[in-house]
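Asker: Sequence:
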Amino acid sequence: MFPKTQVQLCIVPMVRNSLKWVSYKQKKELMIDLKAICKSPSEEIAKKSLDDFSTKWDSQYPMISKSWRNNWESVIPFLAYPPNIRKAIYTTNAIESMNMGLRKIIKNRGSFPNG
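Residue 1 is where the sequence shown starts when you use my numbering, and the numbers rise one by one after that.
Honestly, the hints are just simulated from the structure, not real lab data. Mixed in with the good hints there might be a few duds.
What the hints assert, rightly or not - Listed next, the in silico DSS-like pairs over lysine-lysine satisfying Cα-Cα at most 25 Å (straight line):
#: 1; residue 1: 66; residue 2: 104
#: 2; residue 1: 66; residue 2: 27
#: 3; residue 1: 28; residue 2: 39
#: 4; residue 1: 20; residue 2: 39
#: 5; residue 1: 20; residue 2: 35
#: 6; residue 1: 20; residue 2: 4
#: 7; residue 1: 27; residue 2: 4
#: 8; residue 1: 87; residue 2: 107
#: 9; residue 1: 87; residue 2: 47
#: 10; residue 1: 66; residue 2: 39
#: 11; residue 1: 28; residue 2: 87
#: 12; residue 1: 4; residue 2: 35
#: 13; residue 1: 48; residue 2: 87
#: 14; residue 1: 47; residue 2: 66
#: 15; residue 1: 25; residue 2: 4
#: 16; residue 1: 4; residue 2: 47
#: 17; residue 1: 56; residue 2: 35
#: 18; residue 1: 35; residue 2: 47
#: 19; residue 1: 66; residue 2: 107
#: 20; residue 1: 20; residue 2: 56
#: 21; residue 1: 20; residue 2: 87
#: 22; residue 1: 4; residue 2: 28
#: 23; residue 1: 28; residue 2: 48
#: 24; residue 1: 25; residue 2: 66
#: 25; residue 1: 35; residue 2: 25
#: 26; residue 1: 28; residue 2: 66
#: 27; residue 1: 20; residue 2: 66
#: 28; residue 1: 48; residue 2: 20
#: 29; residue 1: 66; residue 2: 56
#: 30; residue 1: 87; residue 2: 35
#: 31; residue 1: 56; residue 2: 39
#: 32; residue 1: 87; residue 2: 39
#: 33; residue 1: 47; residue 2: 27
#: 34; residue 1: 87; residue 2: 4
#: 35; residue 1: 56; residue 2: 104
Computed from a prediction, not measured in an experiment: that's the story for all the values here.
Start from the sequences and build out the full structure, keeping to the hints where you can.
Answerer: Rendered as structure tokens:
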């Protein structure tokens, strides 16, 4: 239907899922390394940051980098945009909120009113 549509995975659940099994003492340090991926100025630098993350953390938490690699094509589209746009699309919460509001209206009214 929309062949040029880009699919962007919400980064927030990816980060939360990554931190789920990390020990409390290591969460802060690991989060810094995850942010290096998310805040990269380009896809190439993000990939390098993910490789660095893997080198450092895979011995303890191999599933984190595996999860990021498995979802890479859905994670990275926002890196093509300038930083001010990235802030808006970093999370899909605004879109999800709008869709929930529309569902509420449709549920209460049954359909959109005419005119």
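Asker: State for each hint whether it applies.
Answerer: Okay, the hints, checked on the actual structure:
no.: 1; hint: 66 / 104; verdict: violated, 37 Å
no.: 2; hint: 66 / 27; verdict: holds, 18 Å
no.: 3; hint: 28 / 39; verdict: holds, 16 Å
no.: 4; hint: 20 / 39; verdict: holds, 21 Å
no.: 5; hint: 20 / 35; verdict: holds, 16 Å
no.: 6; hint: 20 / 4; verdict: violated, 34 Å
no.: 7; hint: 27 / 4; verdict: violated, 37 Å
no.: 8; hint: 87 / 107; verdict: violated, 31 Å
no.: 9; hint: 87 / 47; verdict: holds, 20 Å
no.: 10; hint: 66 / 39; verdict: holds, 19 Å
no.: 11; hint: 28 / 87; verdict: holds, 21 Å
no.: 12; hint: 4 / 35; verdict: violated, 28 Å
no.: 13; hint: 48 / 87; verdict: holds, 22 Å
no.: 14; hint: 47 / 66; verdict: holds, 13 Å
no.: 15; hint: 25 / 4; verdict: violated, 43 Å
no.: 16; hint: 4 / 47; verdict: holds, 24 Å
no.: 17; hint: 56 / 35; verdict: holds, 14 Å
no.: 18; hint: 35 / 47; verdict: holds, 12 Å
no.: 19; hint: 66 / 107; verdict: violated, 40 Å
no.: 20; hint: 20 / 56; verdict: holds, 18 Å
no.: 21; hint: 20 / 87; verdict: holds, 24 Å
no.: 22; hint: 4 / 28; verdict: violated, 38 Å
no.: 23; hint: 28 / 48; verdict: holds, 20 Å
no.: 24; hint: 25 / 66; verdict: holds, 22 Å
no.: 25; hint: 35 / 25; verdict: holds, 17 Å
no.: 26; hint: 28 / 66; verdict: holds, 20 Å
no.: 27; hint: 20 / 66; verdict: holds, 14 Å
no.: 28; hint: 48 / 20; verdict: holds, 23 Å
no.: 29; hint: 66 / 56; verdict: holds, 13 Å
no.: 30; hint: 87 / 35; verdict: holds, 13 Å
no.: 31; hint: 56 / 39; verdict: holds, 18 Å
no.: 32; hint: 87 / 39; verdict: holds, 10 Å
no.: 33; hint: 47 / 27; verdict: holds, 21 Å
no.: 34; hint: 87 / 4; verdict: holds, 22 Å
no.: 35; hint: 56 / 104; verdict: violated, 46 Å
Hint violations for this structure: numbers 1, 6, 7, 8, 12, 15, 19, 22, 35, all remaining hints satisfied.
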